[in-house]
Amino acid sequence: MKRFAAALLAFSLTFSINAFAIDPLPFQSNAQRLRFQHLTSELRCMVCQDESLLASNADFAKQLRRQIFEQMQQGKSDKEIKHWLVARYSTFILYDPPLAPSTIALWFGTPAIFLVGAGVVIVLLRRRARPADTIAEESGEDW
Amino acid sequence: MNDVAGKPFGRFVPLAVFAVLVAFFVVGLVWNQSHDASFVPSPLINKPAPAFNLPLLKQPAQSVSKASMLGQAYLLNVFASWCFACADEHPTLMAYRDRFGIPLIGYDYRDKPADALAWLGRHGDPYHEVITDESGITALDFGVYGAPETYLIDAKGIIRYKHIGPLTPAVIAKELQPRIDALERGGK
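Respectively, the protein sequence lines represent chains A and B. Just so you know, we're using my numbering here: the first sequence kicks off at 43 and counts up by one. Just so you know, we're using my numbering here: the second sequence kicks off at 80 and counts up by one.
Any given hint could turn out to be false.
Partial pick of chain B residues on the chain A-facing surface, computed with a CB cut under 8 Å [said to hold, decoys possible]: (1) 122; (2) 222; (3) 224.
SDA-like mimics (lysine to any residue), calculated; alpha carbons at most 20 Å apart, straight line [unchecked claim]: (4) A/121 - B/122; (5) B/253 - B/239; (6) A/104 - B/191.
Every beta carbon over 12 Å from chain A, so not counted as near; a handful from chain B, in silico [claimed, not checked]: (7) 134; (8) 148; (9) 171; (10) 183; (11) 214.
If you are wondering where the hints come from, they were derived from the structure by calculation, not from laboratory data. Even for Gly, the Cβ is constructed at its ideal location relative to N, Cα and C.
If we strip away everything but chain A, and leave its shape as in the complex, we get (with noise of 0.2 Å):
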């Protein structure tokens, strides 16, 4: 029974690692609770840019959860509330990154890096693969 306990504890601190800041916010529904962590949780406090506003205890966060809380009990969407943030704080505040001119880079710049390496490794492979086997695989590379 204890090592059952101890089980379930350890079990259920596996998921502790989700903590959020606490605020004590009245919401309608269990559904519109997950909605609103689900929603907090993709966006970035940003006096402290590595936390999200879920996470964050600054009174920052502390006071754009709220803000938020009331626009979701005004009926607004996730997009609505999401508008609202990048008009006063830019997209910045969105962890997602909108494809835009300043982020093609961000978006495109590692398939192309992989592109350009794996072309590398192809024209490296066949200019190996060309000459008599015997030496190339004798000495193999030394990098």
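Assemble chain B onto chain A, guided by the hints.
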């Protein structure tokens, strides 16, 4: 020995890869030193300032609104008694308050009026007027996320410039004053 020497270009590939990496690192280092990663451009530039109507710190019965400020350009400087960087900025404001050529309005952000009055009493008051936003609700519309922040608002109520962080003589000379002068000349 190995036979890479036989291939004229093969032996330079590692060097080239290394050079590219070094280039990335150098650019990254230089970029980080000249750019503040916490700088976020405000989407409110060249847009109408949000409507506000806030009480004066020294005469709480009176208030200042966006409408009452129309017709003149002014600087809105967000500060608070709890804000350390504001104390750093403070001597600069004292020195420049009469040199800007336009009113410098203090915006007391999420602060108790008594604390703000004590802070201004202790350091000196650089502002022509101070308005208080104790709840910080109006500041949300301005996109304030840290003090100090400074807004340049023109006679039509349009935000022309925003500076996040302490104003310094260098920032004023390079970025702020030229914009004020342009407004005063009746330009855009």
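Verification of the hints:
At about 5 Å, the closest approach between the beta carbon of residue 122 of chain B and any beta carbon in chain A falls short of 8 Å, and the interface hint on this residue holds. Because the closest C-beta pair between residue 222 of chain B and chain A is about 4 Å apart, less than 8 Å, the hint holds. The interface hint given for residue 224 of chain B holds, since its Cβ lies 4 Å from the closest Cβ of chain A, which is under the 8 Å cut-off. A hinted pair counts as satisfied when its Cα atoms are at most 20 Å apart, and residue 121 of chain A with residue 122 of chain B qualifies at roughly 18 Å.
A distance of roughly 15 Å separates the Cα atoms of residue 253 of chain B and residue 239 of chain B; the hinted pair therefore holds under the 20 Å criterion. A distance of roughly 18 Å separates the Cα atoms of residue 104 of chain A and residue 191 of chain B; the hinted pair therefore holds under the 20 Å criterion. Here residue 134 of chain B stays apart from chain A, with its beta-carbon at least about 19 Å from theirs, past the 12 Å limit. At roughly 20 Å, the least C-beta separation between residue 148 of chain B and chain A is larger than 12 Å, which holds for a residue marked as non-interface.
Against the 12 Å criterion, residue 171 of chain B stays outside the reach of chain A, whose nearest CB is about 22 Å from its own CB. Distance to chain A confirms residue 183 of chain B as a non-interface residue, since its nearest Cβ pair spans about 23 Å, more than 12 Å. Residue 214 of chain B, annotated as away from the interface, has a beta carbon of chain A within 12 Å; the closest lies near 9 Å.
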